[in-house]
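Visitor: Here is how the chains run, residue by residue.
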Amino acid sequence: MPIHADPLSLVVAGVGGQGNVLMARMIGSVLLKNGYLVTMADDIGVAQRAGAVVSNIRFSQRRRYGAMIPEGHAHFVVGLEPLETLRMLSKYGNPGVLVLSNLRAVFPAGVLLGRDKYPELGELREAIETLSKKSWFLNATGIALELGAVVSTNIVMLGALVGTGQLPLSRRDIEDEIKATLPPKTHELNMKALELGIGAIQ
Amino acid sequence: MFKISDDSPGSAQLLLGNEAIARGALEAGVQVIVGYPGTPSSEIIGSLAPIAKEMDIHVEWAINEKVATEQAAAASFAGLRSMATMKNAGINVASDFLQHHNLSGTGRHGGGMVVVVCDDPNGHSSSDEQDTRWLAKSADVPLFAPDDAQDAKDLLKYAFEISETYKTYCVLRSFTRVSHSTGTVKVGELPSSKREAAFDASQIITPETPFIVQLHESAHKRQEKVREEFESCPFNWYEGPDKPELLIMCSGSGSPCSREAVDLLGLEGSVGVLKLATLWPFPQKLIREHLARARQVLVVEETDPFIELHVKELVADSSDLAGKVKVYGQGSGHLPHCGELTPDRVVRALSRFFDKEYVPRDTDYAQKAQEMGSRMLVPRGAIWCPGCPHRASFWSLKEALRKDHRNGFAVGDVGCYTLDIWPYGYHVTRILHGMGTGLGLGSGFGRLGRFKFDQPVISVCGDSTFFHSSVPALIDAVHNNANMIAVVMDNSITAMTGFQPHPGSDTGAAGDAANAIDIADFCRSLGCKVAVQDPFDIKGTTEKILQLLKDEDGVRVLVMRRICELLRMRKQRKEPYNITIDESKCKEKCTYCTEHFACPGLTLDKDSRKARIVEGVCAGCGVCADICPSRAITKEEVK
Chain Z
-17 MPIHADPLSL VVAGVGGQGN VLMARMIGSV LLKNGYLVTM ADDIGVAQRA
33 GAVVSNIRFS QRRRYGAMIP EGHAHFVVGL EPLETLRMLS KYGNPGVLVL
83 SNLRAVFPAG VLLGRDKYPE LGELREAIET LSKKSWFLNA TGIALELGAV
133 VSTNIVMLGA LVGTGQLPLS RRDIEDEIKA TLPPKTHELN MKALELGIGA
183 IQ
Chain W
4 MFKISDDSPG SAQLLLGNEA IARGALEAGV QVIVGYPGTP SSEIIGSLAP
54 IAKEMDIHVE WAINEKVATE QAAAASFAGL RSMATMKNAG INVASDFLQH
104 HNLSGTGRHG GGMVVVVCDD PNGHSSSDEQ DTRWLAKSAD VPLFAPDDAQ
154 DAKDLLKYAF EISETYKTYC VLRSFTRVSH STGTVKVGEL PSSKREAAFD
204 ASQIITPETP FIVQLHESAH KRQEKVREEF ESCPFNWYEG PDKPELLIMC
254 SGSGSPCSRE AVDLLGLEGS VGVLKLATLW PFPQKLIREH LARARQVLVV
304 EETDPFIELH VKELVADSSD LAGKVKVYGQ GSGHLPHCGE LTPDRVVRAL
354 SRFFDKEYVP RDTDYAQKAQ EMGSRMLVPR GAIWCPGCPH RASFWSLKEA
404 LRKDHRNGFA VGDVGCYTLD IWPYGYHVTR ILHGMGTGLG LGSGFGRLGR
454 FKFDQPVISV CGDSTFFHSS VPALIDAVHN NANMIAVVMD NSITAMTGFQ
504 PHPGSDTGAA GDAANAIDIA DFCRSLGCKV AVQDPFDIKG TTEKILQLLK
554 DEDGVRVLVM RRICELLRMR KQRKEPYNIT IDESKCKEKC TYCTEHFACP
604 GLTLDKDSRK ARIVEGVCAG CGVCADICPS RAITKEEVK
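Just so you know, the sequences run in chain order Z and W. Going by this note's numbering, the residue at position 56 of the first sequence is 38; the numbering climbs one at a time, nothing skipped. Going by this note's numbering, the residue at position 111 of the second sequence is 114; the numbering climbs one at a time, nothing skipped.
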């Protein structure tokens, strides 16, 4: 049963270099083609230098909404990194929120340097489950690595998002978008990544 | 996929705010666009540069914002439409020219000219929350404030019409949430004709002394005419009941945030929203008309109370309104005067006004989210990339100043090397302000010897910053024989803002061949003592800095030359070295490389308590092998 809300507010969070801005742009482009008025904001900060990256996507059939989602008002949180999933839930989560999260941790600089402690993955997963109405987890990075291209993590996640069936995005939409926006030599790989992402959910 | 140069009028496209501004420039027939990179403005020129050739327009990254604005003005004097782009801090650099050009105007056959400035409330990527609306008011030129991508594109076109009709440059003030938001934009037609440049040399364009008072007066008269246009401008609109209990007046981020807040509180029947896009000259009649709707006004705007003060002034000056209309906003404490505006901040203002309780989410949930967040969420702060030359440069600076024992420090500048003062930097930098200030401040310290100042000071700047505004300070120091050390961290690109070229590059914005200016040669030509070092040679660099610290005579320049690691990765996929750690040599709990050298490519293994390479993160630069006190890290060249 897809979510019915207007505007519908989606958060795509990750870490610089994971490709979530491109992923958000692809989602936005499909929604535009499907007739919605779309607004998106990327919070990049100094992401190239290992920071967190958040894309808000809001879409409506009524008007062009502002890109900023009010606190506690996300309908769906997609996290390419589990700590970032929790970070978004702490700000935008609510008892009705749906979550799709990659399980592969990307350690923040402070953790690598021994100044901070990354939470236990089990505990992190449990927190995400507690803070969501329904949650889907997958090791998207692992799937992409098996395909031999860690850069396809975002497309695996996109596949999984389609697989949840909660948003007005079809597999065909994303396939068209891959063909229209990504370099031709990567099409075969990304189609496979998409398929594996869908499969990881169903 | 849609390109901003595609001619498909009427179609809806997904455009970044800055792309929408670039598209607006094309639709307005702008032929010359010049700017200096600065977040959040860089993508305007970034998206125009690749299509410059096909569209036959001139797109350029100038040495700084002042030169960019002057170039745009020259094109406008010659009858072309032109645009200058910059960030909030950038317009300060351009101001000396802009605060004169406001009086002289664009001339007899001048083309429209718009200065696009992108503010950064919250300082996402800035060291200020400057509200540039005041600068347009100070110059007394027309000011436009869009609230989303579509608005920015359309308003820019309108600004060009105003500029051309009234012969003055205009300011379009964007900000992070417009420039860096992507939205549905209905695109318009692209013009088919181009103008030819020519200057009518029978005129003199200047605000010089003989003309100044007269020009000042005509500028005010011109503004009165623009004000009349603004009173009925369709970009200012009202939404809500005829006679609301509360009238919101807003602009920029204020309009989406206000509409959202009204929705969230279900106040559609009691609150009206007046969105203002033309802010200066202030459309007084329009404001008065809307004040007839309600006696209570809440002004919702970001950073400074610009509209609020002007509404208050208008009310105070009107006998029919004074004492009857109550204006709420920042002055009344309903809204904050710093930080970014959010829907929630407006919700709080409205809840307080209507005494209406608002619970953003289930309180039990909120409590759990708060508890789990504070227990588990560790920050993800910015750090120099693995393999970044700046880490090595600052390591040597730190080592040299430590060995020198005279309590020395660095004066920094704006670029990736700014990260030295951030939590994961080395904090060699003790003073840091705007662009080009490192050399100016450093040379100032170099004059204090006669007052018994005896601490060594090292001025730091980057390559783009060197050209942007460090050069005058350097020349000044040479001329006055200051005791100064200037370190130029030359990574061959403007890295922080997304790899734009600068005068040291051999290509320009649109890919044309350019004359690269060598920083070391340039400094030599001034008479500086110049050395060039590869910062990855830690030992050699540290020794060199120690020598410079002992010298104390005249201006010494050290160019730390190594390409930005992200750029190197683009050019050559393989890493320079294989890095291995000999566990038998690595001392347990030493943490010198992890905690002190602080490269995210190294971490302390939980079990062995010894250093470990983080696969996939380590860039193989090999610098850690040279700083390891136990010689446990080895680098082996990748063939």
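Some hints here could point you the wrong way.
Listed below are the simulated BS3-like cross-link pairs for lysine-lysine, each with C-alpha atoms no more than 27 Å apart in a straight line [to be verified]:
#	chain 1	residue 1	chain 2	residue 2
1	W	Lys189	Z	Lys99
2	W	Lys609	Z	Lys99
3	Z	Lys161	W	Lys574
4	Z	Lys161	W	Lys189
5	Z	Lys115	W	Lys189
6	W	Lys613	Z	Lys161
7	Z	Lys167	W	Lys577
8	W	Lys590	Z	Lys99
9	Z	Lys99	W	Lys574
10	W	Lys6	Z	Lys73
Where chain Z lies over chain W, by a calculated footprint (3+ residues, C-beta under 8 Å) [unchecked claim]:
#	stretch
11	179 to 185
12	343 to 350
13	362 to 370
14	373 to 386
15	449 to 458
FYI, nobody ran anything at the bench for these hints, they're computed from the structure. Computed from a prediction, not measured in an experiment: that's the story for all the values here. Note that beta-carbon positions come from the ideal geometry of N, C-alpha and C, so glycine has one too.
Visitor: Using C-beta distances, would you say chain Z covers the stretch 449 to 458 of chain W, given that this needs three or more residues below 8 Å?
Guide: violated (count 0)
Visitor: What's the verdict on Lys115(Z) and Lys189(W), does the C-alpha distance respect the 27 Å limit or exceed it?
Guide: Distance of about 37 Å is beyond 27 Å: violated.
Visitor: Straight-line Cα separation of Lys6(W) and Lys73(Z) no greater than 27 Å?
Guide: violated (35 Å)
Visitor: Against the 27 Å threshold, does the CA-CA distance of Lys609(W) and Lys99(Z) hold or violate the hint?
Guide: holds (11 Å)
Visitor: For the stretch 373 to 386 of chain W, do at least 3 residues have a Cβ located nearer than 8 Å to some Cβ of chain Z?
Guide: holds (count 12)
Visitor: Compare the distance between the alpha carbons of Lys590(W) and Lys99(Z) with 27 Å, and conclude whether the hinted pair is satisfied.
Guide: Roughly 22 Å between the alpha carbons, so the hint for Lys590(W) and Lys99(Z) holds.
Visitor: Would the pair Lys189(W) and Lys99(Z) pass a check requiring their Cα atoms to be no farther apart than 27 Å?
Guide: Violated - the C-alpha atoms of Lys99(Z) and Lys189(W) are around 48 Å apart, more than 27 Å.
Visitor: Holds or violated: the stretch 179 to 185 of chain W covered by chain Z, criterion of 3 or more residues with Cβ-Cβ distance under 8 Å?
Guide: Holds, because 4 residues of the stretch 179 to 185 of chain W bring their Cβ atoms closer than 8 Å to Cβ atoms of chain Z.
Visitor: Within a Cα-Cα threshold of 27 Å, do Lys613(W) and Lys161(Z) meet the stated pairing?
Guide: violated (47 Å)
Visitor: Is the listed coverage of the stretch 362 to 370 of chain W by chain Z valid when you require three or more residues with a beta carbon under 8 Å from a beta carbon of that chain?
Guide: Three-residue rule met by the stretch 362 to 370 of chain W, so holds; n is 5.
Visitor: Take the C-alpha atoms of Lys167(Z) and Lys577(W), compute the straight-line distance between them, and say whether it is at most 27 Å.
Guide: holds (21 Å)
Visitor: Examine the stretch 343 to 350 of chain W for residues whose CB is less than 8 Å from any CB of chain Z, and state whether their number is three or more.
Guide: Coverage by chain Z holds here, the residue count being 4 at a Cβ distance below 8 Å.
Of the numbered hints listed earlier, those contradicted by the structure are 1, 5, 6, 9, 10, 15.
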